[in-house]
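Now for the letters of each chain:
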Amino acid sequence: MTQKLPATPGQTIGPFFGFSLPYEGGEDLVNRTHPAALRLHGTVFDGAGEPIPDAVIEIWQADEHGVISQSPGSINRDGYTFTGFGRAAADAVGNYQFTTVEPGAGDGGAVPFFAVAFFCRGLLGKLHTRIYLPECDVESDPFLSSLDSHRRASVIASREPDGSLLFNLRVQGDEETVFLDFD
Amino acid sequence: MSDEATTSTDPMATTVTQAVILEEIAARQKSYQAKVAAGEPHSEGAELDFPSYRSSLLRHPTKDLHHVDPETIELWSPAFGHRDVAEVEADLTVQHSGEPLGERIVVTGQVLDGDGHPVRHQLVEVWQANAAGRYIHKRDQHPAPLDPNFTGTGRCITDENGFYRFQTIKPGAYPWRNHTNAWRPAHIHFSVFGSAFTQRIITQMYFPNDPLFPLDPIFQSILDPQGRARLVANYDHDLTTPEYALGYRWNIVLTGAQRTWTEPEDAE
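As you go down the protein sequences, you meet chains C and W in turn.
In terms of the numbering used here, the first sequence opens at residue -5 and continues consecutively.
In terms of the numbering used here, the second sequence opens at residue 24 and continues consecutively.
What the hints contain is simulated information worked out from the structure, not anything from laboratory work.
One should not assume that every hint holds.
[Unchecked claim] Mimicking EDC-like on lysine to aspartate or glutamate, the simulated pairs with C-alpha atoms at most 16 Å apart in a straight line are: (1) K86(W) to D168(C); (2) K86(W) to E70(W); (3) K86(W) to D72(W); (4) K161(W) to D85(C); (5) K86(W) to E170(C); (6) K(-2)(C) to D177(C); (7) K86(W) to E169(C); (8) K86(W) to D142(C); (9) K86(W) to D175(C); (10) K53(W) to E70(W); (11) K193(W) to E122(W); (12) K58(W) to E70(W); (13) K53(W) to D247(W); (14) K193(W) to D114(W); (15) K193(W) to D259(W); (16) K193(W) to D233(W); (17) K193(W) to E126(W); (18) K58(W) to D247(W); (19) K(-2)(C) to D138(W); (20) K(-2)(C) to E67(W); (21) K53(W) to E63(W).
Predicted, not measured: the structure shown is a model, and the values here were computed from it.
Could you put the whole structure together from the sequences, leaning on the hints where they help?
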């Protein structure tokens, strides 16, 4: 019935977003004293294996019970309300980190993940990926089970000895992260 | 090694000429037009693999994107509201004690989904250079003046009908180091959330009739002229405030997988 409107094209985030997009508390979805607080961290790399310092990584996730928050407050956090959204700018050596909780499975029982939107200077649009938990049930998930083990490894975080989750994002190359197309 | 973050003060710092960049762009457009003429569909997005923008060489995926059906979380978006964004943040001309220099403008438009429904109560963020083409950023070394009354960053929440509105200063063009004598057309960076996370977008809004359009590999990374036109605002004299500010109108369309659109509960 309605005619599909053509999409507005994306463009690069460029190098000068630093005064605009990052904000205080952007990477802290929960307080570090939260009993289930978890560090999700890693490095973003370009096709030469060099870290990307001018990148923004955003995560969007359910809470530990699988509930999707529709509470505002991701920019002005009150330290208690879980909004499910986090934004981190990579540092000078390409590292990012979030303090959050593990996403829980929702009602449908789908394998939970952190949804990711990624931007950097040099990238002429956005990239989406997912970060799955190390213990995820690969066989029960149609996306994970459709990937060969090498590609699949690029979307599953690893558990560090300190309990944190490590997820490196590689924009290009043999170890390239699996990026998603939803259309 | 190109680096757009370091602005060239030495014209010999980069050796690739504008003529070479123009040839590269023309070749890509020719091959695109041939594909369209042969019946392939139009592609109105930016090409991620676009070597004329030198910084993209190592920063685009070389493997195909993996098609997936979005999961529930991806069909929702984070909620933002006036708890997050104060109304005054939409006016980039009142963030300091004095008035910024430059041409005062209003930029407004509607954020819509692909079916034309408004994207209500969502976050729009902008950042831009000042009237002289200088960003407040330590890596911007362009020898143009900073404006102590202009930071160049704003936010707003779309209204009930999906409208955003910013008051700001028209940004200047600025040089960068992609190639010798490279200049970016004046633009405002936009970061927008849709009703689904799949619709997340960061883009740039340009001003009509900019002579730098054909020369700019970032703008020309959109091979389809209709696609490029979607990033150019329209001057709207009805939006212009007498003796105060010029008006530009620019709508943003976020397509992509989403939940079924519903009328708001308080609709008439």
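A quick look at each hint next to the structure:
1. Restraint check for K86(W) and D168(C): the C-alpha separation of about 9 Å stays at or below 16 Å, so the hint holds.
2. Restraint check for K86(W) and E70(W): the C-alpha separation of about 14 Å stays at or below 16 Å, so the hint holds.
3. Simply put, K86(W) and D72(W) have alpha-carbon atoms about 11 Å apart, close enough for the 16 Å limit, and the pair holds.
4. The straight-line distance between the Cα atoms of K161(W) and D85(C) is roughly 14 Å, inside the 16 Å bound, and the hint therefore holds.
5. Taking the CA atoms of K86(W) and E170(C), the gap is about 8 Å. The hint holds against a cut of 16 Å.
6. The suggested pairing of K(-2)(C) with D177(C) holds, with an alpha-carbon distance near 13 Å, which does not exceed 16 Å.
7. Among the hinted pairs, K86(W) with E169(C) is consistent with the structure: their alpha-carbon atoms are about 10 Å apart, no more than 16 Å.
8. Distance restraint check for K86(W) and D142(C): the Cα-Cα separation of roughly 14 Å lies within the 16 Å cut-off, and the hinted pair is therefore satisfied.
9. Restraint check: the Cα-Cα separation between K86(W) and D175(C) comes to about 12 Å, which is no more than 16 Å; the hinted pair holds.
10. Taking the CA atoms of K53(W) and E70(W), the gap is near 14 Å; set against the 16 Å cutoff, the hint holds.
11. Only pairs whose Cα atoms come within 16 Å are accepted, and K193(W) paired with E122(W) is accepted, the gap being roughly 13 Å.
12. With a C-alpha separation of about 15 Å, the suggested pair K58(W) and E70(W) falls inside the 16 Å cut-off, and the hint holds.
13. Taking the CA atoms of K53(W) and D247(W), the gap is about 11 Å. The hint holds against a cut of 16 Å.
14. Simply put, K193(W) and D114(W) have alpha-carbon atoms about 13 Å apart, close enough for the 16 Å limit, and the pair holds.
15. Taking the CA atoms of K193(W) and D259(W), the gap is near 15 Å; set against the 16 Å cutoff, the hint holds.
16. Simply put, K193(W) and D233(W) have alpha-carbon atoms about 13 Å apart, close enough for the 16 Å limit, and the pair holds.
17. Simply put, K193(W) and E126(W) have alpha-carbon atoms about 5 Å apart, close enough for the 16 Å limit, and the pair holds.
18. For the proposed pair K58(W) and D247(W), the alpha carbon gap of about 11 Å is at most 16 Å, so the pair holds.
19. Note on K(-2)(C) and D138(W): the hinted pairing holds, with a Cα-Cα distance of about 5 Å set against a maximum of 16 Å.
20. Taking the CA atoms of K(-2)(C) and E67(W), the gap is about 14 Å. The hint holds against a cut of 16 Å.
21. At roughly 14 Å between alpha-carbon atoms, K53(W) and E63(W) fall within 16 Å of each other, so this suggested pair holds.
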